[in-house]
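Q: If you read the protein sequences in the order shown, they are chains A and B.
Sequential numbering from 1 applies to the first sequence in our numbering.
Sequential numbering from 1001 applies to the second sequence in our numbering.
It is worth saying that the hints were derived from the structure and are not from the lab.
Bear in mind the structure is a predicted one, so any value in this text is a computation, not a measurement.
Just so it is clear, CB atoms sit at the ideal spot from N, CA and C, and this is done for glycine as well.
Heads up, a few of these hints could be off.
Here are a few chain B residues that sit away from chain A, every Cβ distance over 10 Å (derived from the structure) [to be verified]:
hint, residue
1, S1060
2, V1069
3, R1123
4, S1147
5, L1152
6, M1158
7, S1160
8, L1170
9, I1176
10, T1223
11, F1241
Taking beta-carbon pairs under 10 Å as the criterion, some of the chain A residues facing chain B (in silico) [claimed, not checked]:
hint, residue
12, L72
13, R89
14, R93
15, S100
16, F101
17, Q104
18, E105
19, P106
20, A107
21, W111
22, W115
23, Q123
24, L124
25, R125
26, T174
27, R175
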Amino acid sequence: MGPTLLEANSPIAESEQPIISCNAVRLAFGTKGNVQSVLNDLSLEVHQGQIVSLLGPSGCGKSTLLRVIAGLIAADQGSVIVDGAKVARQMPRSSREKMSFVFQEPALLPWRTVWQNVMLPSQLRGVQQQTNVKDLVEHLLGLVGFQKSDWGKFPSQLSGGMKMRASIARAMSTRPTILLLDEPFAALDDMLRSKLNDLLLTIASEQKCTMLFVTHNISEAIYLSDAIAVMSQGRIAERLKVPFAFPRQASLRSTPEFAAYYGQVATSLARGHS
Amino acid sequence: MNSSFGKHLTNPAPVIVFLLVATIWHFVVVLFKIPPIILPGPIAVANALWRERMVLLNASWITLQAAAVGLLCSAIFGSLIAVVFSQSSLLRIALYPYVIFLQTVPIVAIAPLLIIWSGNNFRTIVLVATIISIFPVIANVTSGLLSINENLRELFQMQSATRWQMLTKLRIPAAIPQLVLGLRVSSGLSVIGAIVAEFFVGNSGEYDGLGTIMTSRQANLKTAELIAALMACTCLGIILFGLVNLLSATLLRRWTRHSGFESDKQ
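One chain only, chain B, in its complex shape:
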């Protein structure tokens, strides 16, 4: 996974696709005389990107922080919830429907409510990013903690291992690859959560994330600047995904390095 990720980075094909799309885009705008308020050409967008670079960088940094803190909260609280679920089937059965509720609730619908409760601030953005990105962590880690190889379980039973030993020496280490898997999915979601929350925070000057920039550019019909902000959002998602990949490649090398992990289970 990690090596293939690295390989993709050095392959020129995506760059060629990018240039191709930009060229087609340019000619479509010129040929059909599309007004820049509807769709500005790639050059106009590039100009806007350059003009607004400091604003966008600053906003991206704020949004990245919110998304990253949200992802971190998801990792911590999601894992803790999963540990509780692994220890009590009663709690798992009782609470799992509400965890699924977290996944199915339209974040756009509850973000305004959370802003009323928590205010127009960084904390609210983190809260929304956490809510939207916690489910993959809970689901993956719970399944990792519970789907323990039968023989490994018996091995621990033969040593009269305590519940605590079983959890710390077997279940938790066995679930680490699942946590990484969950975080990969969650990293994209946390960026979405942060930006959506920022739409609702409004441009009151208290908070300036990418989402707030976008709503203000839209209100002013600055389409080129809006698209530039959109590109910054995309980059942000990629950056966070890359960070999670880096984390899994370095910190968790033992688990993910070898393909042997799956083949051991057979």
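This is chain A alone, in the form it adopts within the complex:
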């Protein structure tokens, strides 16, 4: 994976089909007389293996877009195609199961241990007894930083960071081709956030999955992604290609190039916002 990966709607066309493609998606909430338009003719394409950040101010519709792509909310108009299949609220199990969702809060079940929480998706699919599933879960728990002795702990016994790590392991436990993340680190402090950013990059390169990452943190968006889609008022205001090569090191954040690019993204964000 490198910076040669193309962002959506790039002039240099990719030969392959985009893995996520939203076409003229419209969505409004509310009842007659008080309709709030959330997504406004939004189009977005993400290619296989890309990490794309959706960057925008609160309330610009980025979390909603993520839920529309996941098929959790139905769009009023337009279409969403994920890996060749149309997304709908009642979509075939096989298409939805290609996607995994990481929520803003860890969303762990308090009555289940770490192990049981990470096994939940496999259990719901009825594959929890398969040895390759157990092997994968063991591997993922190690990858996100759990000692074997902590597998039997309950969520209440974990710190916020460890809860989020368990949540990421759970999302990866079904070998998703697409990982959708809804501001997963918003509630964590900066140190922890940058650690988990690195973890996410490790996972992305190891498990070879496409990521769509919602955030309002510019630095995080640059550090993680191949491309940034700046969102404003329910549409993609601008698409930016991130000019830094993978693999990225934490030291990248303190380079002048990073600072300069940060300024550029901040300007786009402000432009979209005004």
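For chain A, the structure is supplied; the task is to place chain B on it using the hints.
A: Coordinates of chain B only, in the frame set by chain A:
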């Protein structure tokens, strides 16, 4: 909750209050020369308590059984009704007013009717105890089953979870703390229900609960014995409440042990 409950048990303050009240009571009775038929002193009551200990223990045991079985019925049927309510908003809307009716109907008024239908027996007492104690279970468990964190719901949706999986793997476990909460309220109510029902069963010898003892002592103007029975009733309520607390502390440790449960929802 459980640890504080334990702490209360070792604190001497309630005992001091008890002794203080008993002393004041004693002197009030002596100073104002209150006839024992109106208000016997604490010593007379203690004597009655000792004299009637076997009768009271036996009656308490019967009443405790009735209240406990009633509470168990409330837990089982209340939870089942709540599960049905969680699965169908139509049924919930259609039937909820009648569930509230269960809560508002004066139990004193329907107990005689139930005795006509069901007889002067243990079954009737259990029935009354159930009716009076079922509402907190239904209300709490229904709300527990329905107020599921949005993200957890979406997590299950992402796995195309079936309605059954959603119920058994998410809604029911999430509602367990609410069930315990409901049972705490219901435990006191079931004792009241059992005793009130026993008032109406009458002292025909078929059934001898605390309530029947009380009506017979009242009829004979045995005030000290009546107060002794009253104390047994109070103890009974505390015992049942303690049992429910013990149950929640041991069986449901995962849910109630950590304060983390509420803070997870944020």
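Q: Please go over all the hints and tell whether each is borne out by the structure.
A: Results for each hint:
| no. | hint | result |
| --- | --- | --- |
| 1 | S1060 | holds, 36 Å |
| 2 | V1069 | holds, 28 Å |
| 3 | R1123 | holds, 36 Å |
| 4 | S1147 | holds, 14 Å |
| 5 | L1152 | violated, 5 Å |
| 6 | M1158 | violated, 5 Å |
| 7 | S1160 | violated, 4 Å |
| 8 | L1170 | violated, 7 Å |
| 9 | I1176 | violated, 7 Å |
| 10 | T1223 | holds, 51 Å |
| 11 | F1241 | holds, 24 Å |
| 12 | L72 | holds, 5 Å |
| 13 | R89 | holds, 9 Å |
| 14 | R93 | holds, 4 Å |
| 15 | S100 | holds, 7 Å |
| 16 | F101 | holds, 5 Å |
| 17 | Q104 | holds, 7 Å |
| 18 | E105 | holds, 6 Å |
| 19 | P106 | holds, 8 Å |
| 20 | A107 | holds, 4 Å |
| 21 | W111 | holds, 5 Å |
| 22 | W115 | violated, 14 Å |
| 23 | Q123 | holds, 8 Å |
| 24 | L124 | holds, 4 Å |
| 25 | R125 | holds, 6 Å |
| 26 | T174 | holds, 8 Å |
| 27 | R175 | violated, 13 Å |
Going through the hint list in order, the structure does not satisfy hints 5, 6, 7, 8, 9, 22, 27.
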